[in-house]
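Using the sequences and the accompanying hints, generate a full structural model.
Heads up: the sequence lines are chains A and B, in that order. According to the numbering used here, the stretch in the first sequence is residues 1 to 351, in order. According to the numbering used here, the stretch in the second sequence is residues 1 to 269, in order.
Think of the hints as simulated: they come from the structure by calculation, not from any bench. A quick note: this is a predicted structure, and the numbers were derived from the prediction, not measured. Treat the hints with care, since some could be wrong.
Distance condition first, Cα-Cα at most 25 Å in a straight line; then the derived PhoX-like pairs of lysine-lysine [as the list claims (entries may be wrong)]: (1) B/Lys122 / A/Lys218; (2) B/Lys141 / A/Lys218; (3) B/Lys222 / B/Lys197.
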Amino acid sequence: MTQTQTPPGAVTFDSSEPSATRRVVTSTAFMIAIVVTVLILLFGVLSPNGVFLSAGNFRNLALDSAQLILLAVGMTFLVGAGELDLSIGANVILSSVVAAKVITFVGGTPEEILAGDYSNAATAILLGFLAAVVTGVLFGIVNAALVNMLRVSSFIVTLAMMSAGSGIAYIVTGGINVSSLPREMQKGFGSADLFGIIPIPAVIAVVIGLVAWFAMTKLRFGVHTLGMGSSLRAAERAGINIRRQRVKLFVIMGGIAGLVGFIDISRFLTTNIQGHQGDALAAIAAVVIGGTSLFGGRASILGSMIAAIIPAILINGLVIMRVGSFYQLVVTGVILLIAVGIDQRRRAQSK
Amino acid sequence: MDSGFPPAEHSAGIMPVIETRGITKSFGHVQALRGASLRAYPGEVLALIGDNGAGKSTLSNVIAGVHSADAGELILRGESVNVSSVRHARELGIEIVYQDLAQAPDLSVVQNFFFGRELLVKGPGRLIGQVDEAAMRERTKEAMSLLGAQVPSLTAPVSALSGGQRQAIAVARAVMWATAAIVMDEPTAALGTKQTKMVYDAVRAAADRDLAVIFVSHDIPKMLDFADRIAIMRHGQVVAQMPTAGLQLVDVLTTMLSAQADASEGEAA
Ligand SMILES: Nc1ncnc2c1ncn2[C@@H]1O[C@H](COP(=O)(O)OP(=O)(O)OP(=O)(O)O)[C@@H](O)[C@H]1O
Ligand SMILES: [Mg+2]
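This is the structure:
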């Protein structure tokens, strides 16, 4: 540090910014990474022959957590902005149903499809993918438009949309899952691996997560998102178009839900209209555990991504140890409570 | 009626930075402003005083683009302007410090300084709205040292700072951005002695940069000492505007509270 010359009478301004290392080490993302590492090592030691630490098992973990990572990334923007989306499970279902319908419609004759033999597989899958994402985005736009128009909290609006969305999925399908989708989408995408070991859905989740991290921390978009979550009034006074920002945020979440819907049918080759009930809460739990404040204003994309692996680790580890996987729900609940407690303490401290 | 206003020291033809003419504003049945006319000159601190509910905040908010006037004119450097929003007022160089500061507590000092008008990097990152943190931090540092204001950290969230520090940031931010005028709505309410002095120093520094500062306050004795001129509001009108030099507290109180005071009486004081 060199002493700079200041004109007489001027007061030198000095402030000390925490170093980069200090910021990383004190971040919630870092702490949650330690928790995850400890969990992995613990299961590694406890599992018979250390199978938990095998490459194959890591592949399973990556594949199983990809969808929750994606949903948690989208949810981080919303929670950071002081919004919530409880309808993402319904969005995932509806997007996957629309995609599956498009794929079976375009793919070939009913007989061919029943035999799982698609004459137009490639076109059908591509159109199905587009249909899923477009449906997801439209779902998000409806959410945002309702919040903007009704001036009701997104909690209530998306609660209603959760019901409406899954209702529409039931109506479209008549309550029967669309199955026997083309195997190509599983082999080429849903269960495919990069370099023979890294599942494609996990690669997509990580890439989208990194893009989201950049947007949150380096772009004006991220500052406006967190500013809006911190004080809606301040954001308004700063001339930020809150309603438009809200539309963007729900579009991101919706688009991600659509992508997750497509990944889901690619993995299992069938829709799952009875499933995804817990998606929204699992994503919100991961977001809060990862260090995002439930009240908005502070968010950590990386924290959400790391925390989103926890349920998969617990389920997988407990199954390997032959303990019922339902304990996973209990453990996740406890971790969530701890995370909320930490968030509350931080708020109290900074007051 | 406003022709009787020009104070002696500005009769040499200096143009006001901001002038309001006959501004009216109603909220439902409440007539908050009934033809408020006021002038603020470059380099001066104009104290805006008046009883509770006289319309000081409403007039401040009209000038800063928060409210739009029902009728009347806002004149910026001789030109009539139609300020449609806070953003628009800012583009015209008018800044406001709200009584509640309107900061985003979770954002850092730097982010609050530039909230809504972030500096972007040069190069391709600009197209996607990448912010230039280093440049913003530098400018914030400059603005803070200009005021002699101190904060422990520029990257810590504003919520971690004391009330006085937050106030200082709000003032420093307004001073940094303003190119014409700053409106401050009771910026020293709820501040300690030392912090109050800091704000007064900051306001004076802003005026010395040739900005017009409109300073809403209830501390009349202090205003007589600190401000260059004083504008007194009653029932939604500015009933008197005059230089503070030689002015007695009792005269001000009489004008402020008397039933039938008008502009010419105030001028004569
Ligand atoms: N948003 C609003 N809605 C309804 N009435 C309002 C609103 N803002 C102000 N008023 C009314 O307008 C009148 C003037 O209010 P204003 O806040 O401008 O007074 P003030 O001079 O700033 O008073 P104080 O010294 O108490 O801050 C008051 O009667 C107030 O009740
Ligand atoms: Mg007021």
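Regarding the pair B/Lys222 and B/Lys197, is the alpha-carbon distance no greater than 25 Å?
Roughly 11 Å separates the two Cα atoms, so the pair holds.
Between B/Lys141 and A/Lys218, does the CA-CA distance stay at or below 25 Å?
20 Å, holds
Pair hint B/Lys122 and A/Lys218, alpha-carbon separation not exceeding 25 Å:
14 Å, holds
When held up to the earlier numbered hints, the structure conflicts with none and fits them all.
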